[in-house]
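**Student:** One-letter residues, chain by chain:
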Amino acid sequence: MVLAVVLLAVVIIGFTITRSTGTPLYASLGVAVSEAIIEQRAEEMGLNEPIVVQFWTYLTHLLQGDLGVSRISRIPVAEDIALKLPATAEMVFFTLMVSFIWAIPLGVRAGLRPDGKLARLGEGMAQFGVSVPAFWLGLLFIFLLYFLPPRLPEPLGPLPSLFPPPLGRVGSGITPPEMVTGLYTVDALIAGDFRLAWHTLWHLILPAVTLSLTSGPPLFRVTRSAVSEAVSSPFVEAAYSYGLGRRTVLIRDVLRNASPPVLNLAAMTFGYLIGGGVLVEVVFSWPGIGSYAVWGMDNSDYDVVLGVVIIAAVIYVILYFIVDLIQFAMDPRLRD
Amino acid sequence: MNSGQANGALLSLSGVEVTINTLSGPVHPLQGVDLDVYPGETVGLVGESGSGKSMTLRAILRLMPPGGAITGGSVKWQDRSVLGLDTDELQAYRGSDVAMIYQNPVSALDPMLSVERQIVDAFKANRATSDGVAEEFARDALRDLEFGNPDVILNRYPHQLSGGMAQRVNIALALACGPSLILADEPTTGLDMTTQIRVLDLLEQQVHARNAALLFISHDLRAVSRVARNIGIMYAGQVVEFGPRERILTDPSHPYARALLECMDLRTGERPRSIPGLVPRMTEEYELCAFRDRCPSRMAACDEEPLPVHKLGRRRRLLCHLGPHHG
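Chains as they are written, first to last, in our numbering: chain X, 1285 to 1620; chain P, 8 to 334.
Check the hints yourself; a few may be wrong.
So the derived label-pair ranges between C-beta atoms look like this [to be verified]: (1) P/T136 - X/Q1611: 50 to 56 Å; (2) P/E291 - X/I1385: 46 to 52 Å; (3) X/R1530 - P/P251: 39 to 45 Å; (4) X/I1535 - P/V140: 20 to 26 Å; (5) X/L1618 - P/G139: 46 to 52 Å; (6) P/S304 - X/D1399: 53 to 59 Å; (7) P/P73 - X/F1384: 26 to 32 Å; (8) X/P1460 - P/S137: 23 to 29 Å; (9) P/D158 - X/Q1411: 49 to 55 Å.
Over 12 Å on every C-beta distance to chain X, these chain P residues come out as not near it, computed from the model [stated by the list, open to error]: (10) G47; (11) P73; (12) G74; (13) G80; (14) Q98; (15) S121; (16) D147; (17) N218; (18) L268; (19) E291; (20) C302; (21) A307.
Note that these hints are calculated values from the structure, not bench results. Ideal Cβ placement from N, Cα and C applies to all residues, glycine included.
Kindly produce the complete structure, drawing on both the sequences and the hints.
**Tutor:** Right under this line is the structure:
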């Protein structure tokens, strides 16, 4: 119920904002056309209807799962999103996996041993990650790893031509796996093609590491503070005093009690990256939903922009719902 | 249980010092604590907040706060040095030998775990047994602590318990470890009067039923005198006087103990007074008597010589230049 209200609000706000940014007519027709053609096109696109009627039309279509049609490519928005969302979802998913590998363990360690070496390493990475723009870091990686190494002697030539940087979801000339989930790594595994699975994973690593370094710092910091708060709680000291071991207390009491804020933030990060990873998508030629939205904005393509906004909102809402369910199951205080 | 050591004490603290390194410099909450607890006996420790009562209990369990360490003296459990135990031995000592009941009953329980899970885990941490036996024990333990409906309580979570109920659960938790000594850190401070009395009575009764010893600390002399046979008075990180309850309550020798008694004297019906002067700062290490600035009986020796220890009989000790009070 609440979720429906949130989504309706997103649709209303998104609709209002996209409609207030100017007409898409010139973008779709160019400027060298006569008034009559423009008028005809406006009529065709329903732009002469009152805004409320336009909204009602959009909403009724939306409820039937119709997100409209791109005014430039004439491809239904839902079709494009179905194609591009898995690309972004896969990248964001791996980004979170990378963050779970570094930010959470370092955060736990830093919470337990605030003066330790690993705590300082984590804080250093967090400082670096928040002060560096993601797209720049991505470019830096490509440059350092693929363009900086010296030219190999002829006839091998420059390195990038031998080992092209992994841009896009697959290298040029490689056929993506048959679409099942839209996640290439998963689809390749389903098809039983391990070489292809490895290849798609290879293409995921750099964008995921780039995004993880820049979006992981809050996860590190929240984990650190949640763990350090849990560790200093009286019930942790009490657990030790009953003769429970370090490992037991860490898992049973400390991590359990520290997990709610971390889970929450992980969901937020996922939702944010669905749209917020767009610059990294551009750098790595990733055909994702963020690039798609920017393309829509460039062309005043209302339905494209609004479609992405709504899908991102739906993902947010679903994620929050799942996190709420998990926390509900974990924390008895929420069940009362 | 007892291994023919010299004095037969279960627990023996001697000259225990604790130092905590904080951002604003070292703090010395314990400055030479001497204390013996014998099997099955009930000892109370009284003192103002900051006198080192809670830290004494933590030193016994070697549970130091961040930056804290036991920097001097010895803690012996049945003639074995607690300070020399390795991690596994320490884990075995905690719970099965000494268990603790905490001041704030609700926050001493893990908010995410059911009462049953917590009692079962504490029980199983200290003996090799099955879940079934542990669950049966948990039910019996709650019944012993006068919960009319143990099965309901077992399935509850800490936030669903009142303060008194939570403290009875904490007692059950400590008992579940099967210790020979129970430490109680102001176990009734946050509870209302009638609940306090009930919890104290239950604690005493359960400890005696198990032949365990009890070390009970409180700022409340009345609560301590209700359960303890021997009472120690703490001041500035030392036990300045120790003796049988009757002696301490009627005719203590240390000027601080006398002042404390006057403050809490209920017979006169007057409003409680405070002891003039400032509470000692524990950032200092006291070579001389820490009470001398507030002491009505200050003498020349107090400013010159370190505190003498008067041993008056088997269980009476006094740290004061005045010596034992007569009359």
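**Student:** Take the hints in turn and mark each one as holding or not.
**Tutor:** Taking the hints in turn, this is what the structure says about them:
1. For the hinted restraint 50 to 56 Å between P/T136 and X/Q1611, the CB-CB distance of approximately 33 Å leaves it violated.
2. Between P/E291 and X/I1385 the beta carbons are some 49 Å apart, a value that agrees with the proposed interval 46 to 52 Å.
3. Checking the proposed 39 to 45 Å range against X/R1530 and P/P251 shows it holds: the Cβ atoms sit about 41 Å from each other.
4. Separation of X/I1535 from P/V140 is about 23 Å and conforms to the stated range, judged on CB atoms against 20 to 26 Å.
5. Checked against the hint of 46 to 52 Å, the C-beta distance between X/L1618 and P/G139 comes to roughly 30 Å, which is inconsistent with it.
6. A C-beta distance of roughly 46 Å is found between P/S304 and X/D1399, which places it outside the suggested range of 53 to 59 Å.
7. For P/P73 paired with X/F1384, a C-beta distance near 27 Å keeps the hint of 26 to 32 Å intact.
8. Distance hint check for X/P1460 and P/S137: the Cβ-Cβ separation is about 55 Å, which falls outside the suggested range of 23 to 29 Å.
9. Hint check: P/D158 to X/Q1411, Cβ distance near 53 Å, so the stated range 49 to 55 Å holds.
10. At roughly 21 Å from the closest C-beta of chain X, the C-beta of P/G47 stays outside 12 Å, upholding its exclusion from the interface.
11. With a least beta-carbon separation of about 7 Å from chain X, P/P73 fails to lie farther than 12 Å from that chain, contradicting its non-interface assignment.
12. Not every C-beta of chain X lies more than 12 Å from that of P/G74, the closest at about 10 Å, which undercuts listing it as non-interface.
13. Separation of P/G80 from chain X is adequate, the least Cβ-Cβ distance of about 21 Å exceeding the 12 Å criterion.
14. The beta carbon of P/Q98 sits about 6 Å from the closest Cβ of chain X, which is not more than 12 Å, so the claim that it is off the interface is violated.
15. Not every C-beta of chain X lies more than 12 Å from that of P/S121, the closest at about 7 Å, which undercuts listing it as non-interface.
16. P/D147, annotated as away from the interface, keeps every beta carbon of chain X farther than 12 Å; the closest lies near 18 Å.
17. Chain X leaves P/N218 outside its interface by the beta-carbon criterion, the shortest separation being 20 Å against a cut-off of 12 Å.
18. For P/L268, the non-interface assignment is confirmed: its Cβ lies about 31 Å from the closest Cβ of chain X, beyond the 12 Å cut-off.
19. Every CB of chain X lies more than 12 Å from the CB of P/E291, the least distance being 26 Å, so the non-interface label holds.
20. No beta-carbon of chain X is positioned within 12 Å of the beta-carbon of P/C302; the least distance is around 35 Å.
21. In this structure P/A307 is separated from chain X by more than 12 Å, as the shortest Cβ-Cβ distance comes to about 45 Å.
Violated hints, in rising order: 1, 5, 6, 8, 11, 12, 14 and 15; the structure is consistent with all others.
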